[in-house]
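Given the sequences, and given the hints that come with them, work out the whole structure.
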Amino acid sequence: GEDVEQSLFLSVREGDSSVINCTYTDSSSTYLYWYKQEPGAGLQLLTYIFSNMDMKQDQRLTVLLNKKDKHLSLRIADTQTGDSAIYFCAEKGGGYQKVTFGTGTKLQVIP
Amino acid sequence: DSGVTQTPKHLITATGQRVTLRCSPRSGDLSVYWYQQSLDQGLQFLIQYYNGEERAKGNILERFSAQQFPDLHSELNLSSLELGDSALYFCASSVGREETQYFGPGTRLLVL
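For the record, the sequence lines run as chains H and U. Each residue of the first sequence is one higher than the last, beginning at 287 in this note's numbering. Each residue of the second sequence is one higher than the last, beginning at 46 in this note's numbering.
Misleading hints may appear alongside valid ones.
What the hints assert, rightly or not - Derived, one-sided and incomplete: chain U residues facing chain H with beta-carbon distance under 7 Å: (1) Gly87; (2) Leu88; (3) Phe90; (4) Ala101; (5) Phe135; (6) Phe148; (7) Gly149; (8) Pro150; (9) Gly151.
Hints listed in this document are in silico derivations from the structure and should not be mistaken for laboratory results. Model, not experiment: these values are computed from the prediction. Think of the CB as a built atom: it goes at the ideal place given N, C-alpha and C, for glycine as much as any other residue.
Structure (structure tokens):
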């Protein structure tokens, strides 16, 4: 089946930029997503990108997609302590395909 | 608030028992998805319903079953519970069969 991989942990200082990376195997991906999960809460959709886009920016969030390398990244500018959470990358294939989630990256923001 | 509601928030039960988790999708959403999140397995897709019909199956055990009712709410039934079934169970919904999913707050199940 399809696979989505992320590093497990990232630690940054408050005010710095965070970059969370994700790789996937599905060459027919149509949508790629970033979700945020705070402790004890559900997954909150942060942003998504269609596979024919290279970049999407939304306030402090920038998503970069390298379709050739099947690499997706999420950059959070001016990272705040409230950004501390687990970030999940997910991808959806073409036609009807279920969404495959990565294992999540725990972002720790140090004051 | 995603608009997806799940009840109960917490559930504590014993091995061998049966429980029912309930999900109400966002208004207008026809698809409901169920996921299990545990520490060692990550987020696992269980099953999807679209407008009352089963649409896709993931890693759902035979002891588990689900359905979606005419009012589009869904229930996930877990039976013959084992200790390893302790996890967070999430419901998500989307407008159609393929659109972006919005997650509920989850039900935390503890099997003792």
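Ala101 of chain U as chain H interface residue, shortest Cβ-Cβ below 7 Å = holds (5 Å)
Hold the hint about Gly149 of chain U up to the distance rule: shortest CB distance to chain H must be less than 7 Å.
-> holds (6 Å)
Using Cβ atoms only, decide whether Gly151 of chain U comes closer than 7 Å to chain H, and label the hint accordingly.
-> This interface hint holds because 5 Å falls under the 7 Å limit.
Regarding the hint that Leu88 of chain U lies at the interface with chain H, is the smallest CB-CB distance below 7 Å?
-> holds (5 Å)
Supplied contact hint for Pro150 of chain U, tested at 7 Å Cβ to chain H | Pro150 of chain U check passes; min Cβ-Cβ to chain H is 5 Å, inside 7 Å.
Taking the least C-beta to C-beta distance, is Gly87 of chain U closer than 7 Å to chain H?
-> With Cβ-Cβ at 5 Å, under 7 Å, it holds.
Against chain H, with CB atoms and a cut of 7 Å, does the hint on Phe135 of chain U hold up?
-> holds (6 Å)
Would the stated hint for Phe148 of chain U survive a check requiring a Cβ distance to chain H of less than 7 Å?
-> Holds - the Cβ of Phe148 of chain U comes within 7 Å of chain H, reaching about 4 Å at its closest.
Under 7 Å, Cβ to Cβ, is where Phe90 of chain U needs to be relative to chain H, so tell me if that hint holds or is violated.
-> With a minimum Cβ separation of about 6 Å from chain H (threshold 7 Å), the hint on Phe90 of chain U holds.
Of the hints listed earlier, there is not a single one the structure fails to meet.
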